[in-house]
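Engineer: If you're matching them up, the sequences are chains A and B in order. When we follow this note's numbering, the leftmost residue of the first sequence carries the number 1, and every step to the right adds one. When we follow this note's numbering, the leftmost residue of the second sequence carries the number 111, and every step to the right adds one.
Among the hints, erroneous ones may be present.
Under the rule of at most 25 Å between Cα atoms (straight-line distance), these lysine to any residue pairs were calculated in the SDA-like manner [claimed, not checked]:
| no. | chain 1 | residue 1 | chain 2 | residue 2 |
| --- | --- | --- | --- | --- |
| 1 | A | Lys-68 | B | Thr-657 |
| 2 | B | Lys-819 | B | Thr-657 |
| 3 | A | Lys-31 | B | Asp-117 |
Sample of chain A residues at the chain B side, in silico, Cβ under 10 Å [said to hold, decoys possible]:
| no. | residue |
| --- | --- |
| 4 | Ala-46 |
| 5 | Lys-68 |
| 6 | Ser-69 |
| 7 | Trp-94 |
| 8 | Glu-96 |
| 9 | Phe-97 |
If you're looking for bench data, these hints aren't it; they were derived computationally from the structure. All C-beta atoms in this analysis are idealised placements derived from N, C-alpha and C, irrespective of residue type, glycine included.
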Amino acid sequence: MLTDELKKGSAEFLILSLLDAEPRHGYDLQKLIESRSKGVLTFNVASLYPLLYRMEDRGWIVGRWVEKSGERRRRFYRLTAAGRAALAAQRDSWREFVTAINQVAGVRYV
Amino acid sequence: MYDWRADVRARLGAARLHPQDEAELVEEMSQHLEAQYTELAAQIGSAAARERLLADLRDVRLDEAVARVKHRAKPPRARIWASASILRDVRYGLRSLRRSPGMLAAGIIALALGIGLTTVMYSVIYGLLLKGLPFQGGSRIVMIYRTDPRGRGEEDLVPFADYVRYRSEQRSFAAFGAYTQGTASISGGDRPERVTVARLTAGVMDVTGVRAIIGRTFVAADNAPDAPPTAIIDYATWRDRFRGDSGVIGTTVRVNGTTHTVIGVMPDGFAFPRAQQLWLPLQLDSSALRPGEGTPVTLVGRLRANVDLAAANAELAGLSQRLAREHDDTAAVRDLAQPFVRATIPARVYSLLYAMLGAVFLVLLVACANVANLLLDRAANRTREMGIRLALGASRIALVRQSLVESGILALLAAIVGAGLAQIGITIFTRAVATLQTDRPPFWMDVRLHVPVLLFVLALAVVASIVSGVLPALHSARFDINAILKDESHAASSLRVGRLSRVIVIGEIALSSALLLGAGFMTKSILRLRSMDPGFSTSDVLTTRVTLSSGDSTQRRQFFESLEAKLAAVSGLESVYLGDGLPGTQWNGSQVAIEGHTYERPRDKPITRVLAVSPGFFRTFGITMLQGRPIVAADRVGSANVAVISESFARRLFPNIDPIGRRIRLGSSDAGGDWLTVVGIIPTLYADNPQSMQNRRPPEVLTALWQAKRISSVSVAIRGPSGVANAATLRRAVGALEPDVPVYAIATMDQLFAETQWPVHVFGTMFVIFGIVSLSLAAIGLYAVMTFSVSRRIRELGIRMALGATTGNVIRMVCRQGAVQLVIGMSLGFILGSLIVRGARAVLFGVEPSDPTVFALVASVLAAAAFIACIIPAVGATRVDPVVTLKSE
């Protein structure tokens with residue numbers, strides 16, 4: 001299990017990455033993170049929505065109600081231009097971080 | 111399928127989100143929970159799944175999400191106050207105000223009255239005090255006067271020698287000058303005239319910065335003691351006396367019998383320092399004077415650009431201390447500079463003006479309270495409308511703004527009407543001032559709707575709209591939508607409005623009973639003045655003033671004696687009087703010693719008013735003797751000096767003794783002054799006291815004019831039918847003796863006497879107007895609140911009547927509510943009112959500030975007004991058919 005601190009820092013990164021591909025709604029995001037991290041990262045309503053709204057207030061993502069025929073309307077979040085820039089910045093710093101760790105620890109990915 | 115919406119809503123419960131935000135949040139979360147529940151239930155069973163998700167929902171971390179949504183609901187200021195949405199509010203406000211024209215008219219009239227009265231008062235203060243001198247940089251002109259801290263702090267003039275020192279040593283003023291004021295006779299040309307004159311040093315014209323339109327103003331050489339006499343005339347004199355002749359420079363004019371060369375004509379409207387028509391050079395020799403000596407003069411200066419009043423005063427303090435040390439005077443006098451206009455207004459006029467402004471602000475406050483009540487009433491009627499707008503997504507601040515925009519529109523319309531009312535008031539005021547003859551207003555006084563006055567009106571409108579609009583606005587913002595939409599009969603919401611309205615009405619009653627109390631005391635003062643017996647008759651008497659500036663004392667006495675004889679010979683005149691002054695106006699004051707009494711200190715001697723009169727005094731003013739004989743023709747120089755005393759003098763200074771035959775001596779010194787034998791007693795004459803309307807019956811002494819050592823200026827009064835006792839008779843008589851002597855200040859005794867009482871009449875009448883306006887406003891306010899509360903209780907009253915309540919019961923019930931408000935409001939108002947009345951004591955006449963009859967009268971007027979305001983809705987309530995009201999819902 002990851003510590004809360006680490007989780008908080010990485011969660012925003014993960015959400016930005018997921019929304020980079022396509023707009024998704026809240027529950028979708030929760031399930032994707034859970035399944036892709038194989039259960040290492042988990043969310044519930046009380047932890048996910050503060051995060052989403054915070055990112056929305058920051059202008060990284062924006063939520064829109066979308067109505068599809070025959071379905072109830074749902075709120076989909078998509079990346080804004082600012083969000084995309086934030087994602088790029090986080091990817092860079094993550095890459096630097098990983099490189100640094102590798103050089104110190106000598107871990108090597110093939 | 112389990113519905114999560116109720117659980118989410120319950121979780122948000124206390125957050126009070128905007129309805130729309132709440133709905134969206136509930137939908138998003140419940141969808142999430144629903145989806146998760148479906149999956150989870152399949153794995154761990156529905157009961158366990160629900161438990162877990164409910165636990166998630168209770169997690170405190172969710173609060174951050176709620177807080178963020180709530181924060182977003184507050185739109186940025188820019189959006190709420192954007193001009194487009196304001197315009198929409200204005201349009202909407204206009205439309206909705208037009209739907210209730212009655213309320214609109216009532217509100218506008220109430221506020222317009224309040225704004226109008228306040229504007230009149232403010233424009234007087236602005237025109238007299240705040241506007242300042244109409245000169246370039248007029249605000250930098252200051253007057254310097256001397257105060258003696260050991261004395262009563264009265265403002266004194268500065269001796270000429272000190273002026274000369276100041277002029278050479280001061281560094282604070284760019285221009286510096288001294289002047290004296292007075293009157294002078296001018297002659298040469300068609301007829302002699304008495305004009306107001308100022309004698310100036312050349313620096314005074316530099317202080318004003320005004321140049322002559324023709325010729326020049328004074329230069330330093332004109333002030334030399336041996337310089338040829340010169341004069342500068344005002345525009346009106348030039349236009350009327352010299353027919354606007356541009357060749358006037360170099361011609362001569364006789365001033366007090368001496369020939370002066372005209373060197374300049376001042377521009378129209380220039381009458382510095384007060385209402386001057388003629389300027390002469392101040393020609394004083396200071397070479398022989400020591401510090402603290404010389405003619406007392408008024409100092410004026412124009413502050414240098416980089417010097418402020420405090421710095422100038424600091425310099426003056428240093429200079430005056432140095433002067434005091436030099437002539438080792440222990441007198442710690444201080445010379446103070448003050449803005450010119452402020453320095454010329456007596457302190458009591460200053461405080462009276464601001465007291466009146468305070469009083470009209472109270473009227474305005476009553477008007478605002480009235481409008482607040484009207485709007486509140488309206489807000490109650492629109493509770494449902496507001497509720498629906500909120501439910502449809504209007505923010506609460508938008509509703510507040512809507513209310514304020516409506517009260518703003520109302521106040522703006524009222525300001526326009528109020529400015530019109532003020533214009534009428536100003537016209538009346540200006541006419542009243544124009545009738546004053548003895549004391550001309552200062553030349554800079556210009557009471558009009560100046561731009562700053564109009565800005566003041568605008569500010570009043572803004573303040574009024576906020577004061578009257580904020581309570582209704584807040585009220586509409588505090589709605590609970592669900593309660594409103596469910597509350598068909600408005601019972602709950604109108605209950606709250608009702609309570610607020612009643613508090614406002616109590617405030618209104620308090621303010622207006624305070625003002626009414628003031629009005630009551632003023633009315634009683636005016637009535638007392640009207641019905642007062644002044645002790646002399648004023649009808650059919652024409653008066654004037656005659657001053658001789660040439661000749662020695664014997665020639666002057668001969669002139670006045672011949673004048674008396676000449677007028678006495680005019681057929682049709684009943685009597686002729688010459689004397690120091692006139693009854694009912696200001697006399698000289700003097701200390702008096704009673705023979706046989708010893709006074710330890712000079713100031714222990716009592717003070718009395720003194721008037722030197724000719725024998726015609728008693729007949730002309732219809733004064734009958736209480737005891738003894740009047741002053742007669744035989745009381746002349748050489749015969750025993752006599753005095754006639756007033757009843758008040760006899761009572762206070764000769765208690766239990768017959769004063770006839772006793773001797774008194776006037777004056778402060780122990781040695782000087784002749785002993786006067788008391789020969790008669792007259793009723794006490796009403797005395798003019800410009801400081802206060804109190805103490806109008808002080809001790810009085812009449813002496814014989816023809817026993818006086820020097821006579822140079824006299825008041826003349828003739829009694830007779832207006833065909834004979836007119837200005838022409840007076841001019842003819844004086845002109846036949848001495849063509850150069852002007853006859854000035856011609857006025858009937860009635861006019862003069864009325865002028866001494868004008869503060870009571872003018873300020874009294876204004877107070878009465880304030881009182882009546884605020885009483886009507888408060889009565890209308892009470893009426894509106896009663897009508898409103900009756901209309902809301904109509905069902906209840908219907909049920910009561912159906913159950914057997916009589917008409918009397920219902921009326922009593924309704925009136926009881928009004929009575930409670932009246933009693934509370936009146937008690938508060940009387941406390942405030944007594945303070946106002948005590949403050950305005952200076953214009954009270956013949957009535958004590960604690961007079962219970964006035965309190966009782968005001969209370970009954972208020973009670974009557976309140977009764978009418980209550981009885982109409984109460985009777986209306988009894989007319990209602992119980993069946994109809996019960997069926998109405």
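Engineer: Look at each hint and say if it fits the structure.
Structural biologist: These are the hints, each one checked on the structure:
no., hint, result
1, A:Lys-68 - B:Thr-657, "violated (107 Å)"
2, B:Lys-819 - B:Thr-657, "holds (16 Å)"
3, A:Lys-31 - B:Asp-117, "holds (22 Å)"
4, Ala-46, "holds (3 Å)"
5, Lys-68, "violated (13 Å)"
6, Ser-69, "violated (17 Å)"
7, Trp-94, "violated (25 Å)"
8, Glu-96, "violated (30 Å)"
9, Phe-97, "violated (27 Å)"
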